[in-house]
Structure formats: structure tokens, C-alpha cells
Amino acid sequence: MRKMPKKPAAPPPAPEPAEKPKNLQNINIPDITLPVSLAEKQTLLKPHIERSHDIVNRPFTIGAQQPVEAYAIYINGVIDTDAFNASILRPLMIYGEDPQSAGDQGPELPEYIARTLLTVGLFREIDRLADLVRDIYDGMLIIMLEGSSQVLSIDIHKAHLRAIEEPVSERGLRGSKEGFIESLDVNISMVRRRLRDPKLVVKKTVMGQRTRTQVALLYIEDIADPNIVKEVETRLNNVQIDAVVASGYIEQLVQDHPWTVFYQHRVTEKPDKAVMQILEGRVLILVDGTPSSISAPSLFVEFFQAPGDYYERTWIASFIRVLRYIAFFLAVSTSAMYIAVVNFQPELIPQELLVPIARFRNQVPFAVVLEVLVLEIMMQLVIEAGHHLPGNVGQTVGVVGGIIMGQAAITARFASPAAVIVASFSAMCTFVLPSPGMALISRVLRLPMILAAASFGAVGFALMWLILITHMTSLTSVGVPYMSPLSPTRYRDLKDSIIRYFLTSMKDRPVSIPSQDKVRQAKQGVTGNQ
Amino acid sequence: MTSKQIGFMILGTLVGINFLTIPRTASEWAQQDAWIAVLIGALLPLVVLVLIERLGRQFPEMDFIQMSQFLFGKIAGSVLVILLCFHMIIGVAREIARFAYVESTFLLPATPIWAISLLILLVSLYVAGQGAQVVARINELLFYLYLPAFFLIVYPLMTVADYTYLLPVGGSGIGSIARSAFDVSLYFGRMEFLMVAYFMVNRKDEVLKAGAAALVAVAVPYMLFTAVCVMVFGAEDLQDQITPILAMFKSVAYPILERMDLLFMVAWSVAFRPAFNLLCMSGYSLTRLLNLQKRKHYLMILTVSGTAAYLLSSIPRNIVDVIIYSNWQGFTHPIVGLGYPLLYHLAARIRGGQKQNV
Amino acid sequence: MFKKISLILIILTAITTGSGCWDAQDIAERSVVVLGAVDLNQEGGIQFGKPVQYDATILMPNLYTDTAEKVRIARVSGVSLSGSRDQRAYINPQTILTSMIRVYLFGESMSISGLAPVLDSLLRNPLLSNSVYMAMTEGQAGDMITVQPPDFPDLGIYIIDLLRKVNDKSFFPVITLHDFRVQSASPGKNPVLPILRVDAGEVKISGLGIFRKDKLIDRVGLDGARPLTLLRGVKCKGYIPFVITREGEEVDRGTVFVGNGRKVRVERQGDQYTFNITITLKGQLIEHENPVILTRNREFLSMIEAQVAADIESECQTLIETMQEEYRVDCIDISKYALAKWRSELEDTVDEGFIERANINVDVKVHIGNTGDLI
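Residue numbers (my numbering), protein chains in the order written: chain A, 1 to 530; chain B, 1001 to 1358; chain C, 2001 to 2375.
Each computed EDC-like pair below joins lysine to aspartate or glutamate, with the alpha-carbon atoms no more than 20 Å apart:
#  : chain 1 : residue 1 : chain 2 : residue 2
1  : C       : Lys2235   : B       : Asp1162
2  : C       : Lys2213   : B       : Asp1240
3  : A       : Lys158    : A       : Asp82
4  : A       : Lys230    : A       : Asp517
5  : B       : Lys1004   : A       : Asp493
6  : C       : Lys2165   : A       : Glu352
7  : C       : Lys2165   : B       : Glu1258
8  : C       : Lys2213   : C       : Asp2351
9  : C       : Lys2341   : C       : Asp2271
10 : A       : Lys203    : A       : Glu233
11 : B       : Lys1296   : A       : Asp256
12 : C       : Lys2282   : C       : Asp2311
13 : A       : Lys230    : A       : Glu251
14 : C       : Lys2213   : B       : Glu1236
15 : C       : Lys2263   : C       : Glu2313
16 : C       : Lys2070   : C       : Glu2202
17 : C       : Lys2235   : C       : Asp2161
18 : C       : Lys2341   : B       : Asp1162
19 : C       : Lys2213   : B       : Asp1162
20 : C       : Lys2070   : A       : Glu352
21 : C       : Lys2070   : C       : Asp2161
22 : C       : Lys2213   : C       : Glu2356
23 : C       : Lys2341   : B       : Glu1236
24 : B       : Lys1004   : B       : Glu1053
25 : B       : Lys1294   : A       : Asp256
26 : C       : Lys2263   : B       : Asp1162
Think of the hints as simulated: they come from the structure by calculation, not from any bench.
Assemble the whole structure, with the sequences as input and the hints as a guide.
Here it is, written out as C-alpha cells:
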């Protein structure tokens, strides 16, 4: 997406234009005060809406005895027609208050009818042409009146909402099954339902000069570090882009290190997870049109945590957590280790296993590196095909394709059984990871590991891990060290990193994330039996 | 850098390839009392630590370059800084050369030494290039990753170790123990890097405690491993091993994994912490000396230092040369490690112990 | 500019170092050796102007599954042990992977002449584990390798399993390369090696070879192996039969299954050293023919223990006498206790006449803790 340069405003026909507020840059719309005359308002507006045939320009009158001419302007299909008819037109046209009073209001008429006649919740008065055009295209209903430069901008969007359901990529055994949807307001309400703290701040802004996407920033005022909040706000404000279609755009535009393969912000589609993030002092970003949230800052260890960990018992949750770390290591390393031991250090394999492996390898005409790479590519293709095919078909392709191709590869002597096991085991380990992002990362990181092992065997494998760990240690997320609490080691936070310690002992918020109020829970009292 | 991190850096700088070879050196004269020699030899870095810490207290607002130039004048101070950096670069070269030969022996016998050295150098450059804070964190992380390795001695201890090899305690005589202790103290060199690193620490008042803890964390495992090696091989046979630690792991077939020596060596392939620690410190010093601020200048200087270290590491023609040159270079550690802080103390005293404000 | 140059340098270096892969060799191109045998060369010959000294025979499982033979045996000769590998290049298409060898066999003549020169080749190999088993053979070791045990894939697996588990079933030591090396290099120590022989087409353990450092000087049969093992203090478990006679009549006959332990105390009076060896045997009664109910007759159990102790003591004393009079080496590994106390005085002389002059007393204590499922 190109960054749009600011164009100078057109010469104003009326007095000096007001200063442009940040993020409200308009494209080729003169920022002038609206005239009092309805006809003049129409004339000014016409060039901006005449090419959009879905914009309705509905004339009507307010009051009967001293009727006031008015126009209702809206985008057909965006507003709630029932609400428009019942809450706007009907009260204005039929049930208008004393028409003399209406006629007497003069320039104050918009405010008068908004207070006394309209039965809607959200509205505002605007008097700038730029704001008027913007609000029309933002899906607002505009009521223009004769005799007043103020127009009413009313929010009666029609809710085209899909049902709230469990996100496909973040399934869990226990806990909430709700997931975010595309509506920003609904998503905010889901957070509010779980976090009824008066200190929860919701700040809305608009990003993308053409898409004008609504973005909300959520944080708890007395927990989140003000510096972190300010930094996130600044980064969002500094984004100069013409379109924000999804949250991924924002994620990539505000991250600390754009060149790394690692995610520096956590993306989740689950409101309960999002609330946990906020409670630890993070800032949550919600984007209209995207059923997911972004939290910052984020740490490496978070990508191995799942909300279900906190619903399970400590021992079980800790076991599963450790399993995930092992799975990540194996997902990245298994293929490389196989190449290293078969090609460079066969002494690492027990003799009883080495001879059968050697016998099977003997039947395959390809070098082991090629064999592994071909199997990896086959496995990735099967996985990708499974993602893009619908529902059961995708699952079937994944299972059948994997089994059949693996067996065929062995029979045709394209690959040895050990290599097939290694490739499928790596893929299996990938799917253990709770974060789809980390799963993708493990798939990508496999390749340099394979190349390193193919060049220098186990030494190359070990050195590549050192490079990887160094790289991860050098990363930051909104200035917070990415590898915390592992490096730098914050012993207190280790309780909820590789293992999940007892909830009763997690009295304080993580030290790794800067926050104001560190205390999470008070000392527990005695139980009812004592 | 935090004080804890400097402790891990001390540990990482002292423990490199030395770890694999120290039992042989310690037992050469002290025989069955090699473990005592290790403990005594660990006193030298403690002395160096105290000297540097006391020196640093006198100049809390300065860094190493500023202190050198303040005490000795701009030119002489700069020369001292450059000499220390050169000494550290030689230390890097020594570490690379020894590492390359051990890797070549156990894991990559057909790979030319120059390729292995280059590989180690490139990785060291990458790590050092991330800056002192990242280097310190890597040291911390690698320490925890290596902790489980210390449980490896349990199996040889239970199966092939013979406690009579350690007896009689003190039987080799004080003179022999002292001689071995001196040889071991050369293994505890490189503490002089603290002359640069001390001034990077936020809470300088905690450096002594952190440093002492690090030295204990180095000395105790060294002592343990030395004792177990003596118990496994006996002092006489120990002299035939270049890397007794690996030979000890080779002497038993561990359950399930069998070849623990190779696995350990694979894991130890990344333990060239002295190389990137010293590269980082020398790079930082030279950058500050030349008054350069940008990261790219730091990287340029690292590249030059690294290249110099690589060329120096290519000088030995074989493992025997490596050991000989390494032993020679080892003698410079106490000279620099004690000499520098003492010289600076003397200069500070001559200048009247003035506290500076720069 | 600097970034571009750095990137180019890094790519060039990566290509240079990555394209080498000097050590890369597929496992399918290697021959995995499971068993090695070393003998003194009997046929003579000259290589490169020097006399051929050693024969090296190796056993390798065949990696090709569609061939008749499951194993390949290759014998080469050379001026030195590792020098013989040069000859392999002319007969073996694959690279030999000697680091996987689990057992080394040494011929009788080889053992008599001394194993030190050969051990250097093995110990200098960084990839060969020092936990490989060692054994010697009656006759040429290379001839034994050709024996194919009927119920095992190859002789290597058979011998490995035979040696690995022997000390769980009998009082017989297992010797690794590390053990042999340390015991032949340390003052006051001398190794022993299992002896294997071929009997009716089967390879069997036939005794223990006694070494003075690295040279074979004598041997004991299976009967002698037990007291030797017990006196050496090697932890084993084994069956000890007993026969109790009273006034010329057999009272009971049976077997105990026990594990052993050893404690040695050494005392010194001037130049006279006295070793008191206490051997403890703890285990259970496996069988006995006398129908007496042991739970009602504890004295009988004590009698069994006493008989076993007496038998073992007698065997041990016999061996000690033989050791002091014939072998004249410390083959029971007790000098180390004297060295532990008086190392500086003894380490130069402990291998010369020390054990012959020592007083060695043996006391055996037997404790039967369990009588099985019967009373």
C-alpha cells in the first residue's frame, strides 16, 4: 500500500479552515464550513456523492404548519432501514413536536430535534464539508436542514453480524468457546462483559486514509504502563497508509523488528485470552473487520500458553506446557538431527538402530538431504492443501494424502521409512503448538536448520540454534525484551513460563511486562473447613 | 547490564574450552591432589576481581577509556586501551584455535581447520554484534542450558570411579600442589575483560558479590570434574588425555544414549563464550576510543577485530602448536590481569585519588 | 554500502563453507563394523619395505538385504594395526566405520606379546568409545570371527550380549577398553581379560587371562575365575553350589544365588604389609535337597552359609597362594589400598615384588536373606 502524500487544501470559499486534527486527513475534500441554505449544502455536496449510485438523497419536511425542508442522506444497505423509518422519519415527519416551535428554532433546530424528536442513541452535529463527506462514507445517516449550518450525523448501522462461535485456529478442551467477530463494537462488548473494571479504557481511532478503518485501543488505566500505552499510540498515529484491511497490517506496521520471522505481538481470536493479556498490563488493539485482537508487548513464552492452561490443574498444565516446548524444539530440529546423525555422526545412533537405518538408506538413490527436503515439501503441501479445502475434505486430504504419499514414497524408494517418520513426526509436533503463529514459525525455521545440519552436521545444527537463540534474545516488543523471563531471567515470572505453577502463588503480575499495579491477588485466607 | 549478568559473563568468559582440559593440567604436578590445586588456582581471578572492583569504585562516572585517559593522559591511556584490546583479541584467537581443533578431532575430522575456525568466528561476530546486553543475556541463558550437563558425572562416578586414586589427600606435597595451582590459575585468566565490562554495569555495588558467586560457580564444577577424572583414570593415565572430560564420558556406555561424549561435545560446540565475550568487549572499547557512536561503526570494528583474531588463530600449524602457543598466551593472563589493575591503582594513587567529573 | 558489503561477504562465506560438507558421508556408503579381531601376523610378509606385524579381521553386517550372506568378514594385514586399513581400500567398496565396534578380540599370541602397541591405535581414535568390550581368544582371534552362531544374526551380537550380561549370572568380570587401559597404566594394578574359545562350533567363555600390565602371563579356568572375580571385588551376581558333609556323609546339596562385595583393610608394620580382605555374599537360597524346614531350623541355614563361606575362602586362599608364588602380580587389585595410604613410598616399587611379600587374609561372610517360595 502506498503512503498517500498530503495534498494542500483547496482555497476556502468561506473563512479560514479549521486546523486538521491528526488522522483525519481527507483526500481532495475542501475543509469548509457548511452554508446555512439547504440548497447550497446540496450543491456543495453533490460532486462528492453523485458518482455513488447507492447513496440515497431523500428529501422530506419537518413539521406541518411551518415545515422545515430537510434531506436525509445515507448509503443504501448500510443503515438500519427500520430504525431510520421508525426513529428518524416518523418522529420528524408525523410526530413532530409543535411545528411552530420547530420553525422557531432557527439555527438551533438540529439540536432541538435531536433532543426532543429523535429516538436514537448515537449522533453528533457537524458543520464542515469534509466531516460531512467522511461521515456519509462511514455509513452514517445525515440529516441536513434548511436554516442551519449544522447537520446531524446519526449512527444507525445495520448489524450484519455473523454468529459468535469458537475460532477454528484456537480450539481448546476447556474454557470459553467464544471468539471475536468482525464487528468492532461487538468485540469491545465481549471484552467488557469479562472485564467490568471502570478503569478499562477504550480509545478509538481511525486508520487508513481510504478505508478509514476503526481501531480501538484497550487497556486498564491503573495497570498498563503509561510509557507503553504512549508508545503504542504514537506508533499507531504515525502509520500513514491508505488502507488497513486487516489487523495484520497494523501488526506489521507497528512492530519493533519487521525483518524477523518471529511475531512480536500476540494475536488471538478469543476474548478470554485477550482479557488475560489486558490484566497483565498489556495494550489490546481491536480492528473493525477483523475477528482477532493484537496485544503488545508480547513475549516468546506467551506463544506457548493457552487459556486452557489456567483452567487445568497445575501438574497437568505444567506437563502440557513442557510438552509444547519439547514439541517446538522437535518440530524445528528433528529433520536436521536426522541429517546430522545419518550423514555426519552415525556414532550417536545406537548400533541396533543404525544397521536397519543403513539398510533402508541403501535402497534410496538420493542423498539424505534431498530425501528430507522432498518429504518436507510434500508435507507442507499436504498441510496447505488441507487448510484451503473446506471442512471435511481438507481433513481427509491431510490424512489420506499423508499416509498414501508416505507409503508410496517408501515403496517407490523415494524415501526410507526413517525419513518418512522424521518428516511426519516434525509435522505432528508443529500442530501441538497452541499458537498458529508459532506453528508457522517452526515450519519456516526447519529449513535453515536442515541446511546447517547438511553443511556441518551436529556442529552446524548446534551453531544454528545458537544463532537462533541470539536472534530471539535481541528482539524486543515495544521495547520489552522478547525472551523475558528466560533471558533476562526473571525468576518470579518463571512460575508461568515453561511450567504453570499454582495459581495461589501467582500473586503478582509478571515483572517482565512493565505495569503499575503489581499485585494480582492478596494472600489467601483459610479454607472453609478450618 | 545488571550485576547478575556480569556474573554470568564472568562465568562464560572463564569457562570455554578450558573446561575440557583442566584436569590434565591440574594433575600434572599435584597428582591425586589435583582438585586442591584447582581450588587454589581459583584464587587468582578473585584477586583480580577485587582489584578491578576497587579501582572502579574510585571512578564511578567514567568508563574504561575515560579512566585510562584521565589517569595516563590521552596518548598513553589510549595505548593502554589498545594493548588490552589486542590482548583480548589474542584471547579470542586462542579460543577459536583450540575450539576448532577439538571440534575437528571429535566431530568434523575431514573439515579443514580454517573452515571450522571461520564458522566459529562468524557466529561469534554475529553474537557480539548484537551488543553487550544481548551477549550478557546469552551468557545467562547458556549457563542454565548447561546445568543438566553437570549431572553427567554421576554415572562414571557410580560405575568406573575408584576413590583410592584420590588418596592420600595432600600426599603429593605442598610444592607440587602449588605448582599445579599456578598452572591452573592460568586457566582462570581473562578476568581482565572486567576492566571494560565493570563500567557497563548499572549497580556497581553488586559486582563484587556477583563476581564472587560466578567464580564459585566456576571453581566448584572444575574441582568436581577434576576429582572425578582423577578417580576414573588415576593421575598417571590422566596425563595422556588431551580432553579428559570427554575421555571420561567416553569411558562408560550411558543408558539409552550410549555416546554421551559426542552428545556433550555437540552441546559444547556453542560454548565458545570467551570468544564472543572478548570480541564484544574489545569492539566496544575500540569504538569508544575512536569516539564513534553508531552501531555500524561498532560492527565495522568488530569485523576488523574478528578478522585479526581469525588470522592469528591460523598461525598454529597443528594441535601441538596450538597447545604450546596457548600455554604461552596463558602466561600473559596473570600479567595483564594483575598488572593492569595494579598499574591503574598506582596511577590513581599518584594522582591523589581524585574523583573526577567528566 | 556497509550493509551490502557485509551481506555479500556473508553470502560468499556461507557458500564457501556450506558447499564443502567435507565430513558428509551417507550411512549407506559406510560399512558398520560390530566386531574386530587383532592377531599377530603368522604368515609374514613385507609392506612398503617393512615387515607385516598384525592381522586385523572385522565383521560387518551386510547392508544389502537381497544377498545370501548376512555378514561380511574382511581380513587384512599391515605393518601396524591402523596401517592395515590401507589394505581395506582395495577390497572393501564402502568406508569402514570402526567407531561402532563394540567388541575387540585379541589372539593368544597377540596377548602374550603385549597389547600396548595395539591399544594406542584404539585409544587414539576419538570416535571409538572406550566402553568397548575386550576379550582374548584361544588361538587366533581372526579364526573365531568366522564362526556363525545358529540363533543369532551374527557373532558380534552374540559376543556382545554374552559379555555384557555375564556378570549378572556368574562371578565373571566384564572388561572394557577403559578398564584395561587404566589397569595396565596405573601402578599396582593389572588387568584380566575373558578368554573365549570355540567348542563344537559354539563360542564360549572358558576362563580369565591374567596380565602383567599389557602382557598375558597366565590364565585360570572357569573354576578359578570365580575366586579371582570375588577377590578383585568386581560386583557380580552368581550361583554358588554347595555340598555339606558331616563325618564323611553328605548332609545337603544345593545352590545359593548371591551378589558380592569386598572390603579391604591394609596394615603396615615396618616393611610388612598385611591385607585383610572381607568378602560378603548376600542373596537367597535357590535350592537344597535336605527336607529340613529352615524356618524351624535356623542353625541349618547358618550351616549352609558357613559351608558356602568355607568353600569360597578355600578357593580364594588357593588363588592367593598361586598368585604370590606363580603369577607374582597383583591380579586381585588390592595394592591400591596400600597406595592410598603410602603412595609416595610405594608407587615406584609396588609392581616389583610387593604383592609376593604381603600377608593376605581372606574372610568370607555369607548372608542368605531369602529362601524363595518354600520354607
